[in-house]
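A.B. asks: Sequence:
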Amino acid sequence: MSKNHTSKIELQVELDENRVPEKLHWTAQDGGITNEEAKAMLLSVWDSNAQETLRIDLWTKDMPVDEMKVFFHQTLVAMSDTFNRATQDEKMTATMKDFCDYFAEKLEIKKQ
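As numbered in the working numbering, residues 1 to 112 make up the sequence shown, in order.
Some hints here could point you the wrong way.
[What the hints assert, rightly or not] Below, computed lysine-lysine pairings styled on BS3-like, alpha-carbon distance capped at 25 Å:
(1) Lys61 / Lys39
(2) Lys106 / Lys91
(3) Lys69 / Lys8
(4) Lys97 / Lys61
(5) Lys39 / Lys91
(6) Lys91 / Lys61
(7) Lys23 / Lys3
(8) Lys97 / Lys69
(9) Lys110 / Lys97
(10) Lys106 / Lys69
(11) Lys69 / Lys39
(12) Lys91 / Lys23
(13) Lys8 / Lys23
(14) Lys106 / Lys39
(15) Lys39 / Lys8
It is worth saying that the hints were derived from the structure and are not from the lab.
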């Protein structure tokens, strides 16, 4: 009988006295990531029983707004790719990609 493998992803959030994130670090040893610093993170978890998405959206107080715009754009593009892999709905994926292009254009950011 084969042994199951367990993989752990760890998040560490350092907060100031007002509980505002100052530092974010993450570890994913299977991915070769150990205590890497990040400026922002978005985590979504599907609760099948409640049929709803649970979220944690965090960014440090020194996250630059211009970087946040690029982060959101890249996240939207990645979500389009994930949606396509999960559903094979190419028509909606194309619509989502069009929105990503529109988003980048309106924010005047280069396509990443």
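A.B. asks: Please go over all the hints and tell whether each is borne out by the structure.
C.D. replies: Hint check:
1. Lys61 / Lys39: Cα-Cα ~8 Å, so holds.
2. Lys106 / Lys91: holds (23 Å)
3. Lys69 / Lys8: The hint is violated at about 29 Å.
4. Lys97 / Lys61: At roughly 30 Å apart (the allowed maximum being 25 Å), Lys61 and Lys97 break the hint.
5. Lys39 / Lys91: Between Lys39 and Lys91 the Cα gap is close to 33 Å, so the pair fails against 25 Å, i.e. violated.
6. Lys91 / Lys61: Violated. Lys91 to Lys61 sits at ~38 Å, over the 25 Å cutoff.
7. Lys23 / Lys3: violated (36 Å)
8. Lys97 / Lys69: holds (16 Å)
9. Lys110 / Lys97: holds (15 Å)
10. Lys106 / Lys69: Cα-Cα ~11 Å, so holds.
11. Lys69 / Lys39: holds (13 Å)
12. Lys91 / Lys23: violated (39 Å)
13. Lys8 / Lys23: OK: Lys8 and Lys23 at ~20 Å, within 25 Å.
14. Lys106 / Lys39: holds (23 Å)
15. Lys39 / Lys8: holds (21 Å)
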